[in-house]
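Student: Going down the list, the sequences are from chains C and Y. Under our numbering, the first residue of the first sequence carries the number 4, and numbering increases by one thereafter. Under our numbering, the first residue of the second sequence carries the number 2, and numbering increases by one thereafter.
Some clues are possibly wrong.
A short, non-exhaustive set of chain C residues, derived as facing chain Y with CB atoms under 7 angstroms [to be verified]:
hint	residue
1	Val143
2	Ala173
3	Leu182
4	Met186
5	Val188
Just so you know, the hints here were simulated from the structure itself, not pulled from any lab data. Computed from a prediction, not measured in an experiment: that's the story for all the values here. Don't be surprised by glycine CBs; every beta carbon is placed ideally from N, CA and C.
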Amino acid sequence: MTMPLGQKITFYVLLIVSALLIFAPTLMAFVMSFMSNKDILTGSMPTSLTLDNYRQAFSTFPLMQYLINSVVVSVLIMLGQLVLSSLAAYAFVFLEFKGRDILFYIFIATMMVPFEASVIPNFHIIRDLGWIDSYAGLTVPFFAMAFGTFLLRQNFKTIPKELREASLIAGMGDFKFYLTVVMPVAKTSLVTLGVYGFLTSWNMYLWPLLATTNDNVRTVQIGLKQMQTQEQLNQWGVIMAGAVIVIIPTLLLLFLGQKKLQKGLTEGALK
Amino acid sequence: MKNIEMTDITKSYDKQKNVLNEINLTIGEGEFFVLVGPSGSGKSTLLRMIAGLEDITDGIMKIDDRVVNHLPPKDRDLSMVFQNYALYPHMSVEQNILFGLQAKKVGKEEQRRRLIETTDMMGLGDYLKRKPRELSGGQRQRVALARAVVSQAPVCLMDEPLSNLDAKLRASMRVEIRRLQKRLGLTMVYVTHDQVEAMTMGDRIMVLHDGSIQQVGNPIELYNEPANLFVASFIGSPKMNIGKAVLNRAEGRLIVEDELNINASESLMSDIPNDASITVGIRAEHLTYATKEDATHFMEAVNVENLGNETTIAFELNNEIWTVKWPGQWEIEVGEMVPVKISCEDLAIFDTGSGRLIRAAKRVSKGAVPV
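Based on the sequences and whatever the hints tell you, model everything.
Tutor: Printed below as a string of structure tokens:
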């Protein structure tokens, strides 16, 4: 697209300003994590940069344990969602059974129910199962995911029916077709969904707060909150250092995922 | 090798109108059988029923004298080539070809042997490591064919395999498929909407229209003696010229579309029932050029297509367009009255109501081969 230079400059200036506005809190947190407490509280520009905040964050809080917990929980949820969603989507696209479409719409309708509404029943169930303070209690309630099934179903629908028919004639069963054809062909969507699932569970706050009572299984988001309230006087530098560490996996995944996503997209369909 | 037998095969969706009506058909061993018809005629549905991808509503389907109505596709021992090739986009050519063999648990060495044999035959040796998207349309088509060949199934089904290719490639693939079928002795069922493909490839052709068989026969039979008006206008290019006609027995004249007045012979008149309302058809090559002296009729040219080796001229005849095809180059202006010769022996006579053939054209255009 070509546009006059003046217009171009205006656009870019506006874009840069809004980008700065949106990014400012993150940037501030990043800078503050390297500043001494004195500088932060006086609100001056940093006089010296130090890694003390990071050292302190790791030594005074079980931050490492939190991080490990978060990784385990997020990866488990991501895998569980991918497996269940893709299997369900496969059934909704490639298996023919009575009432399939109606069932699908009912399934999709559960997206309308906000998570908060199901928190209490979910909590009762995991309490009765004795899953409080366990990875199972933190992850299993999130495995079934209407959105993921919907996303993958839309993607599976673009796979030509002839591929399934060709495999039927070759004598391939449903499960083998799912594994050897559908999964590789739908790679892009799987990655997208995986990244989405990972980030959502990484940033989850309410559920881990309810389902955990000790540091052994607590996730990093809860840990961050604890940093704030345990001390009389908030050590903002330490909190920011913790926050920066928490953001890193998110950013990393976004960058990696993006690259993979582009690769997947260019692969394209065959026609 | 196997034959396919169908008895009263019927198909309907959700108990609605029948898509296919009581199809009775036997396809012989090693035969190249073409199912042809306009879109929506049910030809693909029939093919998919043979493959087992579509349920049979009623009737009996036998392959090799075994009832296969409820046999899953994989147990029918057949291969299929799809219109869009149905290649697995994430697999290389080699994997695509061998995919079916792996599913059938054929030994590794046997797989290798068949792969080399097939790819040599199809000229795919250099492309084994490529992905389908890196191939041209013709090459993809060849991979799809190779996949069918490598399975060594005695029955091969093809669903409009050439319709995504350009005209030149289509012509060469026609020959290739035909040769392949003969060489391997396959029983081939080939679906197409293109009557040229049907005419050039088929040992026998079945013309389908609205779910019913119109005619089954070898290509020349269909061309010379079309069973009804539908077959007459469907088979042949350009299509047969058709016009309503009235027979005047007293004067021995046949009047076509109120314009052409043709001399009717005794045998022609005796072949036509008394009260029949008739439609006549004449092939483009039977409307021959005449000098002004021996012309039987003059017709007004409305369009002239000079192709170099032959010329197609369209004439207007009382709202109908009739076309003729004459060899060589003709310099005819649009609007010119062109002298032509029409003989009643070249006319095919149809019953207007039922569309059925009453009398076929008596003369056929034989090549110059000494008999």
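Student: Determine for every hint whether it applies to the structure shown.
Tutor: Right, here's what the structure says about each hint:
no.	hint	in the structure
1	Val143	32 angstroms, violated
2	Ala173	4 angstroms, holds
3	Leu182	12 angstroms, violated
4	Met186	9 angstroms, violated
5	Val188	6 angstroms, holds
The earlier numbered hints that this structure contradicts are 1, 3 and 4.
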